[in-house]
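Please dock the two separately framed chains into a single complex, following the hints provided.
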Amino acid sequence: MAGTLVASTRQVPSASRLWLKAAPYLFISPFYFLFAIFGAFPIGYSLWISFHEWRGLRVGEFVGLRNYALLLVDPAFARAVVNTAAIGLVYVPAMTILSLTFAAILSRELRLRGVYRTGIFLPVVTSGVAVGILFQFFFASPYSPFNAVLGLFGLPAKSWIGEEWFIKPAIVVMLLWRWVGSNMMIMLAGIQTISQELYEAARIDGASGVQSFFFITIPLMARVIAFAMILSTIGMFNLFDEVYLVVGSGGGPYEAGLVTGLLIYRTAFETFKFGYASAIAYAVGVIIIALSMLQIFFSERTAR
Amino acid sequence: MRRLSRRLFLAQGAAGASALLLATCAGQPPTPTPAPVKPAAPAPAPTATPAAAPAAKPPATGEVTITLWSWFNKPFTALMPKWNAKNPRVKVNLVDMSGEIHQKVLTALTAGSGAPDITGSQDYNLPILADTGGLADISRHIAPYRDKIVPYKLNNGSYKGKVYSVPWDGSPSGLYHRRDVFEQYKIDPEKIETYDDYVAVGKKLKDASGGKVKLFNIAKEAWSPLVNLTWQQGGGIYAADSGKVIIDDDRAVRTLTLIKRLWDEGVVHQNIGGEATNATYKDATTAAPPGAIWLANGIVGNAPETSGKWGVNPLPAFEKGGTRTTAFGGSQLAVPGQGKLVDEAFSFLEFTQLSQEGSTIMWTDGNLFPVLKDAVNWSILNEPVAFYGGQKALKLYAELNSQIPPYTYGKGFLEASRIVGSAVTFALDGKKSPKEALADAAKEIRQKQGLD
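From first to last, the protein sequence lines are chains A and B. All residue numbers for the first sequence refer to our numbering, where the first residue is 1 and numbers rise by one. All residue numbers for the second sequence refer to our numbering, where the first residue is 305 and numbers rise by one.
The shape of chain B in the complex, shown without the other chains (with noise of 0.2 Å):
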C-alpha cells in the first residue's frame, strides 16, 4: 500500500474542508428536511424558585450589583447619579435588550438560571412569565404603595392575587384631533361626549371634506381597539377576577357594533396598514384619532411638523357619564427571584417608578408616564405642553390615569387576541353579526384554553 504522499494528504484536506464549508453553507432553498420544532432549551425539571420571603433574609453587607434588562434603558442611565448618591451599594448594571427579551427572559425563568434581577416585560407578557413560577412575589414590598399606585396599572403586575412586579409606562388613552381640521370644518370637540357624538363627528367630516378626513384606520384581524375599548366599560376578554372568558357579553358586542358602524358609515380609513397611517398624519385626513398619551410619540416621530395642531379630550363614553378613558399598551418591570436580590431590587424599582423624584426622570428623560396617583398635583405636569398646541395636556392624562378600570390580559393572551382579530374581520367584512363572532370567538378560546 502506498504510504500517504503529500499530495494527496493536502487533496484530502482540501475535500474535507470545502465539503463542511458547503454543508454549512446556509440559505439554500427548500430544504428536504422535514421542519420539525427544535423545542425550547432541553431542560431539566427547574426547581421553582418559591417567592423569596423579604424580612427572613439578613440584610447583605458590601456592594451589590442588580442586573436590569429592558428595551429603554435611556432613562434608567439618566437617574443613575441620583441613585448611586442615594443608595451607593447597590450597583445597578443596565442591559440592553432591544432584541427578543421576552423568549430570552422565558427561557431564562424555565431553565431556572440566567435570568436578571430585574426585567422589562409587556403588560400582556407579564402572566406568562408569572405562570412559570420564576418571578418573586413582591406583594409585601409593594404593600405600602397599594393606594399610591393608579389600579389598573398595579392590577397588571399582579396574577391570581400576588404582585410579581413595578409597573412602568404608565399608558392613559384620550381622543386626540387635529385643532386646525375641527376648525376648518367648525367641529367642537368640548361636545364629543358619546361615541354616537363621535360617529356624527366622522359623519360630518366625510361629507364636508369629500370624503377625504376620517377620524382614524380600523385595522382587520385586530384585536385593538376592540378589546380596549371593551376595558373601557369594565370588561375584556377575560373577567378581571375569575378568568372566565367574556369577549361574548354586552359590552364586546357593544364595542364591536361602534366598530363596525365606523366601518360602514365610511368615517374610517379600512385597514390601510401602519405605513399609510403615519402618511395620514402627514396629510391631516386622521383627524381624531383614539390613542394612549405614547401616539403623541409616534406622530411626532413621522410627522414632526405636525406638533402643535394636535389637541386631546377624554375619549367619548359609552353612555352619558360613563368613563371616559381607557390604555392601550403598557409595560412593567418584572423580578425574577433567581439572583435572590430581590429586596435590592425592588428598592431601586421603588425609586425610579414609585417616588416623585424618580418618575420625573422617567418622563423627562424617557417619555415614560407616571404610574402614582399624586402626579397629578405635580408641577411637572401642570405646564403647558407645545405639541398639544400649548395645552396642559399632561395634568388631562395623569387624572384619567386613575379612572381606567382595571383590565386583563390573561395568560392565554396571545392566542385569544389572534381569535378575538378573526372576528373582527368577520363582523367588518358582514359574514357575521358583531354578537354572532364574538359568540363564536369566545367558544374557540374556551375549547382551546380549557376554560368556561
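Just chain A, with the same shape it has in the complex (with noise of 0.2 Å):
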C-alpha cells in the first residue's frame, strides 16, 4: 500500500498540489481581504489617532497618551460609564429572564408557535433608525397610545422624554423589545440541544416543570446564557441608533441618556475630536473585555 501511494504522490503534478494546499485560503481570502481594509485597518488606525491631537479634519501632533488621561477626569465620560451601566444593569438580566422564559415556553409543542417566534422576531429585523422614530414618537408626542392609555389612569398626556427620572427606564424598555427575538433564538438553539432523556427523567423522578427548568435547562445553559449576557453587556456599550434618534446627541434632559456610544459619537463629529473620540473608544472595549472576562469566569463556575 505505501508504495502504491508513494507512486501516486509522484504522478501528481506539482502545480495541482500547490493549488490544492492553497485553495481553501484562496476561497476565504475575499472575507479577510474586505476585513482587513474595512476592520482591520479601522481599528488600527483609530488607536494610532487616539495618541494624536487632531487638527480641524487631519492627524495632528503626537500626545502620547494625554487623551487617556484627559478621560480618566472628564464628568462626562464618566456620566457616561455610569448611565450605560446603569441602563445594563437592569437591562441585562431583564433580557436574559425574558428571552429565556420566551424560548423554554416556545421550545414545546404549541399550536401557533411559528406565529409567536415570528412576531417576537419582527423587532430584531427593524431598522435601528426606525425604532429610534417610533419609540420617539411613543414616548414624547401628546398623541400616541402611550398618553392614551395614561389618560386612562387620569395622567397627563405630556412629552415623558422631557422628565428626567423617564429616560433610563424608557430606553431599557425600546431595547428589550427590540433585541428580545435575536436572545430568544439564542435561547432556543441551547434548549433544544438538551436531550429530551433527561426531562423524561426527571418526570419520571416527580419534577415539576418548574423544577426541570431550574434545575436541568439552567445549569446545562449556563454556557449560553452567559453568551447572550456577554452580546447584551457589548451591546450596551455600543448602542447609538435607538437612543440618538429618542433622546438626540446631548443625552436627554441632564444628559440622562448618555451612553458612551452617544458620547463617542458627539466628540467626534460634533466637537471634530477625532484624537479624543479613539481614545474614549477604546477605553470603552477595554470595559467590554473585562465585563466579558468576568461573566466568562462565572459562568465556567455555574456549569461545573
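Since the hints were made in silico from the structure, they are not lab data. Since this is a predicted model, take the numbers as computed values, not measurements. C-beta atoms are modelled at their ideal positions from N, C-alpha and C, and glycine is treated no differently. Please note: incorrect hints may appear among the correct ones.
What the hints assert, rightly or not - With a straight-line cut-off of 25 Å between C-alpha atoms, the simulated BS3-like cross-links for lysine-lysine are: (1) B:LYS507 to B:LYS408; (2) B:LYS464 to B:LYS490; (3) B:LYS715 to A:LYS158; (4) A:LYS273 to B:LYS736; (5) A:LYS158 to B:LYS510; (6) B:LYS408 to B:LYS586; (7) A:LYS158 to B:LYS507; (8) B:LYS613 to B:LYS508; (9) B:LYS715 to A:LYS273; (10) A:LYS158 to B:LYS516; (11) A:LYS158 to B:LYS490.
Unchecked claim - Negatives, chain B to chain A, calculated, CB over 12 Å: (12) THR414; (13) TYR502; (14) GLU525; (15) ILE723.
Printed below as a string of C-alpha cells:
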C-alpha cells in the first residue's frame, strides 16, 4: 500500500498540489481582504489616532497617553459610563430572563408556535433608526398610544422624554422590545441541545415543570446564557441609533440618556475631536473586555 | 493523495460562498468588536487652496460648466432658461443633495478635491466650512453689493472678516397670530409691543379658554428661541466682533428669564414635540407663535385649512422702542475654490441672489425670501397674501429683514448650542436660576473650546 501511495504522489503534478494546499485559503480570502480594509485597518488606525491631537480634520501632533489621561477626569465620560452601566444592570438581567422564558415556552409544541416566534423576532430585523423614531413618538407625543393609555388612569398627556427619571427606563423598554427576539433565538438553540431523556427522567422522579427548568435547563444552558449576556453587555456599550433618535446628541435632560456610544459620536462628529473620541472608544473597548471576562468566569463556575 | 474531485471542488466552493455571505450579513445584533471610531477619509495633508485672486486669472474662453450642490434646486431649475439666455457660456449642473450635504462638502474640502463650485450651506455650518480653508474668498466680488445686502445675511456669510458665500434664503421673523382666536377673545395684535404685553396676552388667553389656548410651544434641551431672541437684542452665544462667549450676559439672562416666565405662567405648551405642535396649528391651540417667514410653509404643509386665518406683526420688543425682529434659520451659497471657476460661480450667484430678476424667481418658485434691502420696494412683495388673510405681509418682512442685528454662529456652534440647550432645561425645571444656568453654560463652553 505504501508503495502505491508513493507512486501516486509522484504522479500528481506539483502545480495541482500547490492548488490543493492553496485552495482553502483562496476561498476564504475575499472575506479577509474586505475585513482587512474595513475592519482591521480602522481598528488599528483609530488606536494610532487616539495617541494624537486632532487638528481640524487631519491628524495633528503626537500627544502620547494624554487623551486617556483626560478622559479619566472628564465628567462627561464618567457620566456616560455610569449611565450605560445603570441601564445595563437593569437591561441585561431583564433581557436574559425574558428571552429565556419566551424560549422555554416556545420550545414546547404549541399550536401557533411559528407565529409567536416570528412576531417576537420581527423587531430585530427592523432598522434601528425606525425603532428610535417610533419610540420617540411613542413617548413624546401627547397623541401617542402611550399617553392615551396613561390618560385612562388620569395621568397627563405630555412629552415624557422631558422628564429625567423617565429616560433610562424608556431606553430599557425600547431595547427589550427590540432585541428579545434575537436573544430568544439564541436561548432556543441552547434549549434544543438538551436531550429530552433528561426531562423524562426528571418527570419520572416527580419533578414539576418549574423544577426541571431550574435544575436541568439552566445549569446546562449556563454557557449559552453567558454568551447571550455578554452579547447584551457589549451591545449596551455600542448602543447608538435608537438612543440618538429618542434623546438627541445631548443625551436628554441632564444627559440622563448619555450612553458611551452617544458620547463617542458627539465628541467625534460635533466637536471634531477624533483623537479624543478614539481614546474613549478604546477605553470603552477595555471595559467591554473586562466585563466579558468576568461573565465568562462566573459562567464557567456555574457550568461545573 | 486524492486528486481534487469535482464533487469536492463544488462542495468547497459552496462552503466558501456561503461563508462569505454570512460574513457580509449585516445587522447582527451587538457585534463583539469594540467600537473604535471610523475616522473621516484618511486624507494626506491637503494643500489648502488659497483664495483665488479674482482679477489675476485671464478670463476663460469657450463653454464652462459649474456644479451646484443644494438640497433645494427647484428655483434654480426655474430660472435656468433666463440664465442661459443671459450667459450662454456658463452652464450650471445642478446636483440634488438632499442627504448629508454638510458631511460630504466638509470631507471634500478637507481632502482637497471633490467639492462643487457652489454649495448650499446652512448659516450655522458656514463657519465650519470656512474654517477648513477650502472656501474661496469672494470679498472682492461681493464688494459692490455690501450696502445692498441686508446686514445679518452678509455677516452670516463672513468668517474672520472675509466673505465666503452669497446669502440665500432670508429669514426675517415676526409674531404670527391667529386672527380668529384673537377676535374671539378680543385681543388687539397691534397692542402687543413689548414682551410684557405678550405675557399678558398669554394669561388672558389661558384664563378665557380654560387653559386650552396657548401662545406657542417651548421645548426643553433646545437653544431656540433663547439664542434667537438674544440675537434680537444684539447678543448671542459669541460676540459678533471678538468671538468671545457672551451667553452669560444680561441680554441672554433677560431672554431666559422671559422664557422661564412664559413656562411658569403656563401660557405656553410645555415641550410637546414637533408632531404635537403641528396638531396645535390645526386645532387653534397655538395662538401667537414667533417665527420666521418660512414658518408659514410649515403651517401650510401641516394645516392647510388654516390658511387665511393668520396675521403677522413685528415681534414684541424687550423694551419700548427696541428691535422688533430677529432671524430663525437661513442658509448660504458658499463657493469652494477647488475648481477655480470662482468668477463664473459668483456671476451665477450674482444673478440668482443679488439681482431683482433672479431673486424674484427664487421667491415665486422657491419661497426663498430675497436678501436685498431694496426688496421692500418691489411690487411683487407689495401685494396682499392669502395666507395672512390679505395682509401685505411680505412688505413687512422686507422691512424687518433690514432691521435684524448681525449675529455670529461661530465655529463651535454645534457643541455650544447643545450646552446652551441643557442650560434651558436647568432653568425650566427650576434647578438653576436663569443667571446661574447661563453662567455655567458659558463657563463650560469657554473651557471646552479654549475661549474666553
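Structure-based check of each hint:
no., hint, result
1, B:LYS507 to B:LYS408, "violated, 47 Å"
2, B:LYS464 to B:LYS490, "violated, 50 Å"
3, B:LYS715 to A:LYS158, "violated, 35 Å"
4, A:LYS273 to B:LYS736, "violated, 30 Å"
5, A:LYS158 to B:LYS510, "holds, 18 Å"
6, B:LYS408 to B:LYS586, "violated, 37 Å"
7, A:LYS158 to B:LYS507, "holds, 21 Å"
8, B:LYS613 to B:LYS508, "holds, 20 Å"
9, B:LYS715 to A:LYS273, "holds, 13 Å"
10, A:LYS158 to B:LYS516, "holds, 14 Å"
11, A:LYS158 to B:LYS490, "violated, 29 Å"
12, THR414, "violated, 4 Å"
13, TYR502, "holds, 23 Å"
14, GLU525, "violated, 5 Å"
15, ILE723, "violated, 9 Å"
This entry does not satisfy hints 1, 2, 3, 4, 6, 11, 12, 14 and 15, going by the numbered hints stated previously.
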